[in-house]
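There are 2 protein chains.
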Amino acid sequence: MKKVAIGQAGGPTAVINATLAGFVKEIERDHSLLFIQNGYEGLAHGTYLDGDKEMLGRIQLHRDVPGACLGSGRFPLTDEQIENGVRLLHAHGVEVLVFIGGNGTMEALAKVEAEARRQNISLQVLGLPKTVDNDLGGTDHAPGFGSSARYVAQATRDMSRDLASMQNFEKVRVLETMGRNAGWLAAASGLLQEYEEEGPHFIAIPERSIQSDRLLDNVNTALNRFGYATIVVSEGVSLGKTGQVAREKIGGRAVLGGISNEIARFLKSELNVMTRAELLGMNQRSFSAVVSDVDREEAYLVGSVGGKWIREGVSSVMVSIQRNKHSRYSVRMRPIELKKVVAAGERVMPDAFIEDRKRYFEWLKPLIGEEIIAYPPPLQRTEVYVD
Amino acid sequence: MKKVAIGQAGGPTAVINATLAGFVKEIERDHSLLFIQNGYEGLAHGTYLDGDKEMLGRIQLHRDVPGACLGSGRFPLTDEQIENGVRLLHAHGVEVLVFIGGNGTMEALAKVEAEARRQNISLQVLGLPKTVDNDLGGTDHAPGFGSSARYVAQATRDMSRDLASMQNFEKVRVLETMGRNAGWLAAASGLLQEYEEEGPHFIAIPERSIQSDRLLDNVNTALNRFGYATIVVSEGVSLGKTGQVAREKIGGRAVLGGISNEIARFLKSELNVMTRAELLGMNQRSFSAVVSDVDREEAYLVGSVGGKWIREGVSSVMVSIQRNKHSRYSVRMRPIELKKVVAAGERVMPDAFIEDRKRYFEWLKPLIGEEIIAYPPPLQRTEVYVD
Chain A
1 MKKVAIGQAG GPTAVINATL AGFVKEIERD HSLLFIQNGY EGLAHGTYLD GDKEMLGRIQ
61 LHRDVPGACL GSGRFPLTDE QIENGVRLLH AHGVEVLVFI GGNGTMEALA KVEAEARRQN
121 ISLQVLGLPK TVDNDLGGTD HAPGFGSSAR YVAQATRDMS RDLASMQNFE KVRVLETMGR
181 NAGWLAAASG LLQEYEEEGP HFIAIPERSI QSDRLLDNVN TALNRFGYAT IVVSEGVSLG
241 KTGQVAREKI GGRAVLGGIS NEIARFLKSE LNVMTRAELL GMNQRSFSAV VSDVDREEAY
301 LVGSVGGKWI REGVSSVMVS IQRNKHSRYS VRMRPIELKK VVAAGERVMP DAFIEDRKRY
361 FEWLKPLIGE EIIAYPPPLQ RTEVYVD
Chain B
1 MKKVAIGQAG GPTAVINATL AGFVKEIERD HSLLFIQNGY EGLAHGTYLD GDKEMLGRIQ
61 LHRDVPGACL GSGRFPLTDE QIENGVRLLH AHGVEVLVFI GGNGTMEALA KVEAEARRQN
121 ISLQVLGLPK TVDNDLGGTD HAPGFGSSAR YVAQATRDMS RDLASMQNFE KVRVLETMGR
181 NAGWLAAASG LLQEYEEEGP HFIAIPERSI QSDRLLDNVN TALNRFGYAT IVVSEGVSLG
241 KTGQVAREKI GGRAVLGGIS NEIARFLKSE LNVMTRAELL GMNQRSFSAV VSDVDREEAY
301 LVGSVGGKWI REGVSSVMVS IQRNKHSRYS VRMRPIELKK VVAAGERVMP DAFIEDRKRY
361 FEWLKPLIGE EIIAYPPPLQ RTEVYVD
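Same order as they appear, the protein sequences are chains A and B.
At position 235 of the first sequence (counting the first as 1) the number is 235 in the working numbering, and the numbers step up by one without a gap.
At position 231 of the second sequence (counting the first as 1) the number is 231 in the working numbering, and the numbers step up by one without a gap.
Wrong hints could be hidden among the right ones.
What the hints assert, rightly or not - What follows is a set of in silico ranges between Cβ atoms, one per label pair, in the way DEER data are often shown:
| no. | chain 1 | residue 1 | chain 2 | residue 2 | range |
| --- | --- | --- | --- | --- | --- |
| 1 | B | Arg311 | A | Arg225 | 33 to 41 Å |
| 2 | A | Asp50 | B | Pro366 | 53 to 61 Å |
| 3 | A | Ser122 | B | Glu194 | 41 to 49 Å |
| 4 | B | Pro377 | A | Arg265 | 50 to 58 Å |
| 5 | A | His92 | B | Leu271 | 31 to 39 Å |
Unchecked claim - To give a feel for the contact side, a few chain B residues facing chain A, derived at Cβ under 10 Å:
| no. | residue |
| --- | --- |
| 6 | Gly137 |
| 7 | Gln154 |
| 8 | Gly227 |
| 9 | Ile373 |
| 10 | Pro377 |
Since the hints were made in silico from the structure, they are not lab data.
Cβ atoms here follow ideal geometry from the backbone N, Cα and C, with glycine treated the same way.
Could you build the full structure based on these sequences and the hints that come with them?
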């Protein structure tokens, strides 16, 4: 019976609370719990919620609710805050620290662990993965990504059908996805494309710089052949040699978003056609109506496996998801050292996936869950009477 | 056995093809069909698709696909184009003209009918309603709106939970809905709000001008009480006395969208907190993953009832949906004269709904279809340890 503190950090996902619920359900029978509020801010300031019986029950009610129910957020820790945070954990009798998060979260967790060692305090630490960007190293993929990819693929297909029917008014739509420096989500936009006519007709990912002449060529070809063009860009791309990502800095973190507007302006000025930029926005990490059932189950499982490992004394690792090499999709959970996760940095798409989209889609398909009904081919516009 | 021409016009909805499918299924057994491409542009230029057996089958395959499968669009008709369009219909033996659309579509349809009379050509005309904005007169509501309202309500609730958990980073989110000059969709954003803490904390609709001091008061109150604020604004609102709706004109039509950016800038400068504008965007009229089952069924029914009326010789009307006065929601279809629809103009929200949100939600709830699971109350942040 140890005292376990758990927090959620970074941008939420639609399934981050499932991981929390899975962990709590597993650990609550023989350990006591403290919940850290608002991510590392709560760690720094010692603002915890008591894990009494009522609270434990309320956590389970949030299993399918988006957002991080403990409060998450972004809070770059100073050395003093880490020192103070460790002291506070110890003062409250905490022997185990668990955080659900992405790259930044795992890096901070490793620092907290090092500080505990420095203070000669015994602290078992465990990371539980989450990210919609899928840029976390050491794991096949992370909970949150599958649901986000499902949303991006469906929204792109639907907006492209919508645009196709509005082509005497609007010609080009530039959809912008999340992803920071990794193209996983932007590339997922093409997953449901079954016909050449359907968008996306061009996808830009941060792993490759946009060749503006290639962009123009692709848009022109789509306009000529189909009458409209759907473009998908990742928030982390930049336009040509000179273009830079539109960003502002908040609390030391670059806020991406807006490159679609820049590209739309560029296309409008080059082609003189009605062009609209559209951010796929916060739905990507929060829209509960299109969650992948596989993603939700894995998110819960990551939590409950983490709980088991805590009981077994495992420390200094993150729970990773590894794909079994069978023809039918299945996974196993494996510990990966936190320092390896940190060393891996932001994981971008491998060349093999960038160069062979089919291969990427084969890898991606199981993650988005329940099969999505295929659309029929667009109606041909050939057999027409013209007077 | 008459020759019937049908087209789709204006912005598509996620269920506009269900109306087409319902109409075609009903009429195809004893009439021949021509499909008009790209809305009134196809009428003006006589670009039709032949309603052969293969085409009739393909229409049915599009029943649940968003976008207008015949091509829709915006095309303001000139008198010459109307004259030519009528001549072309007649030349192709068309005796019946049907259009699926909103206010602008019905107005154009009435003009086409008048021109046919002027040319002494017998033309039976019928309008089938669609709009996500719900601003069409003479009908309780129109197909397309229920699905859009369902999406807006769910996206708002989820984005608000997401924001709540990010409040140490982001304080205010300004969500922008469609709706043009009517607030139906923006007001629908609060449908799933069950707790005072949850957003939306302020809703701005075009029927009332925004009092900027009231907006600031509401945001400040939410920030103080809950730590964040979710604001929903309709694309058609303006800010204060001086502010005007951000718009550009394309083909004579004002393109709305962008007021959320203006309001976000205003709040940021007044309150100095991280504020993000987010357009709910094209999903509102195209996202097939959250379609209301009631809306989809009514959309189909509107089409098939229209088909029956064509057989009975009904003309110069639009199919309207009327709500029966029973405790359980049910509707009947009634013809309403096209000239009455035109005279009604854009239907805004009645004062009774603006002043009594509960009454509006009672009216709205059946339209969004299948019940949406309620969320638990947000976790209280009171019983905390602070060192």
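Checked hints:
{"no.": "1", "hint": "Arg311/B <-> Arg225/A: 33 to 41 Å", "verdict": "holds (40 Å)"}
{"no.": "2", "hint": "Asp50/A <-> Pro366/B: 53 to 61 Å", "verdict": "violated (42 Å)"}
{"no.": "3", "hint": "Ser122/A <-> Glu194/B: 41 to 49 Å", "verdict": "holds (44 Å)"}
{"no.": "4", "hint": "Pro377/B <-> Arg265/A: 50 to 58 Å", "verdict": "violated (44 Å)"}
{"no.": "5", "hint": "His92/A <-> Leu271/B: 31 to 39 Å", "verdict": "holds (35 Å)"}
{"no.": "6", "hint": "Gly137", "verdict": "violated (24 Å)"}
{"no.": "7", "hint": "Gln154", "verdict": "holds (5 Å)"}
{"no.": "8", "hint": "Gly227", "verdict": "holds (9 Å)"}
{"no.": "9", "hint": "Ile373", "verdict": "holds (8 Å)"}
{"no.": "10", "hint": "Pro377", "verdict": "holds (8 Å)"}
Violation of the numbered hints given earlier is confined to hints 2, 4, 6; the remaining hints are satisfied by the structure.
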